[in-house]
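Number of protein chains: 2
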Amino acid sequence: MLIQTPYLLFLGDAPDQLAAKVAQGIKDWRPDHAVGQFRMEGCKADLGLTDMTLAEAKAAGAKTLVIGVANRGGVISAAWKKVLVAALEEGFDLASGLHNLLRDEPELVAVAKACGCALHDVRVPEVQYPIANGAKRGGKRCLAVGTDCSVGKMYTALAMDAAMRERGMKATFRATGQTGILITGDGVPLDAVIADFMAGSVEWLTPDNDPDHWDLIEGQGSLFHVSYSGVTMALIHGGQPDALILAHEPTRSHMRGLPDYDLPTLEQLRDTALPLARVANPACEVVGISVNTQHMSEDEALSYLAETEKRMGLPAVDPYRQGAGRLAEALAAL
Amino acid sequence: MLIQTPYLLFLGDAPDQLAAKVAQGIKDWRPDHAVGQFRMEGCKADLGLTDMTLAEAKAAGAKTLVIGVANRGGVISAAWKKVLVAALEEGFDLASGLHNLLRDEPELVAVAKACGCALHDVRVPEVQYPIANGAKRGGKRCLAVGTDCSVGKMYTALAMDAAMRERGMKATFRATGQTGILITGDGVPLDAVIADFMAGSVEWLTPDNDPDHWDLIEGQGSLFHVSYSGVTMALIHGGQPDALILAHEPTRSHMRGLPDYDLPTLEQLRDTALPLARVANPACEVVGISVNTQHMSEDEALSYLAETEKRMGLPAVDPYRQGAGRLAEALAAL
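Which chain is which? The protein sequence lines are A and B, in order. Residues 1 to 334 in this note's numbering are what the first sequence spells out, letter by letter. Residues 1001 to 1334 in this note's numbering are what the second sequence spells out, letter by letter.
Each hint should be verified, as a subset may be incorrect.
Unchecked claim - Okay, the calculated bits of chain A under chain B, using three or more residues with CB under 8 Å as the criterion:
#, stretch
1, 8-17
2, 54-67
3, 117-131
4, 197-211
5, 270-280
Derived from the structure by calculation, the hints contain no laboratory data. Beta carbons are placed, not taken as given, at the ideal position from N, Cα and C, and that holds for glycine.
Just chain A, with the same shape it has in the complex (with noise of 0.2 Å):
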């Protein structure tokens, strides 16, 4: 993938400060790739970066338009499109995550074509990766497997790295979907990935490395989501990861869009993940606990914090109210 930072963030007319979540995770998680923001007429969110044209971006050194914000009707729109145009013109190469493509719009395509820039639609794969040959690789890696879909596992790696790099640990942020990739400027959109070539990817992902070297790989779906577990079985067997974080958000009251189906514990999620992640990697362990407490107050999640703690014998934390920093050091310790 390798898209060019830093980036011009492409607000557009967003609606309200959530649709830009991805442009907001680019400036929390990689403030050096965010050069400024380009609002249009009508915008709701503000990342408070400085609001620059196009030029001014460009005499900034920025080189990669991202569209960090949801598109309304799934349709890029004429005034997008215009802005988008003159991108190209100015030079920038473009990135989105939108399902509707970049390379589906002809317009784009002929001017990027005559301006010699690049669409990266990083839904979309852009390599053809190997089929997995399972071999042994040097460095560590840690994965976080979830109870269910959608309960932190991108931001517990995204906090670790942060948290490992403050800590002087070598560490490297690995994303498998595309708000990861608009993040970092590289990653699998493993999603989209054909079944054969899901564990290999992942293997191509997280490369042989320094013996001290930590990839922080990106969780997908769960084990206990019928939808999606094919893509977490991928990821622990192409991660072989050293380490696994277990991932959990209590206040769930069924699996996400599986009305008919509950959460797993945290014991059964242990239990079904660490023997399946050993089959790849035998030394591998579990060594803590993200739990997302966004639907608790305070006092709710510090006491279920602790109270899990206790329980599993080992750390539990909201990377989100207090930082990854144990998590981190459990890795550190390993």
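Dock chain B against chain A, hints included.
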């Protein structure tokens, strides 16, 4: 997919009988699909079917010329292409599981279009599959899961299908790989499906059915084979099987293609697969064991089967030596 039957089986210039194993599978399992065989000069394979010209096969009712033989060097030779073009001109559809796709041959595409005939590359999905919704479906499903890849899961399902029909049970073999698809004329090429849609494609393949109807789902890969375990996981959760068959080849010294990986025991396979299957279907049971004893003498095989049956408390058979009657009866007893 839905390939029109019956077939004329194209054996080309097969260097030996083994090269024609796809055609052999069709003749063995769906003899009604095989009107005759088409052999070129120098063909060393013979299915014992009537040798027919294209015109004779057409007159006998054949609708599709199926490439039932592996090609040398991965390319469709000029000699083959001449026959394939003539077949299209005669009004045959073509079906192939070759890596070298029919649709990548401009001459075949042009002639097929001119003649109004279909080119079926069974390695490539022709359907936009849904994302799995996990909803409970009527009817029953059986899936063979293996200690390794290529241990006889397709053979087991086809043999069970045959045994169940003999007993008057309602059964449908559901193909998930190219050979199975060519045999039955229908199915999902699961290893070529995009990650997010794997489980959904298996749901699509095994829809709501009569309460006493069994789908015999062709297994793929193994939960213990790191290259393909994600595909197996999607079969288990998309197929929501009521019954699992454990498939094993006892003489393997390591996992297929992975010299550093030991095979799991049948106990490990049972204890790994069953809890995962119960996520999608809490009533799932392991009902039998299918052992591929092709590398054992008759005495060794029978003694291994007897020991395994006693140890695991489940019927253990080699469907090739003994038929799959006892496995069919295990389903009937469920």
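Checklist entry - Are three or more residues of the stretch 270-280 of chain A within 8 Å, CB to CB, of chain B? => result holds (count 5)
Next on the checklist: Please check whether the stretch 117-131 of chain A has three or more residues whose CB lies within less than 8 Å of a CB on chain B.
Outcome noted: Violated: only 1 residues of the stretch 117-131 of chain A have a Cβ under 8 Å from chain B.
Checklist entry - the stretch 8-17 of chain A covered by chain B? Criterion: 3 or more residues, Cβ-Cβ distance below 8 Å. => result Our answer is that it is violated, as 0 residues pass the Cβ test (under 8 Å) against chain B, missing three.
Checklist entry - Would you say the stretch 197-211 of chain A counts as covered by chain B, given the rule of at least 3 residues with C-beta under 8 Å? => result The restraint on the stretch 197-211 of chain A holds, since 3 of its residues have a Cβ under 8 Å from chain B and three suffice.
Checklist entry - Count the residues of the stretch 54-67 of chain A with a beta-carbon closer than 8 Å to any beta-carbon of chain B: does the count reach three? => result violated (count 0)
When the structure is compared with the earlier hints, violations turn up for hints 1, 2, 3 and for no others.
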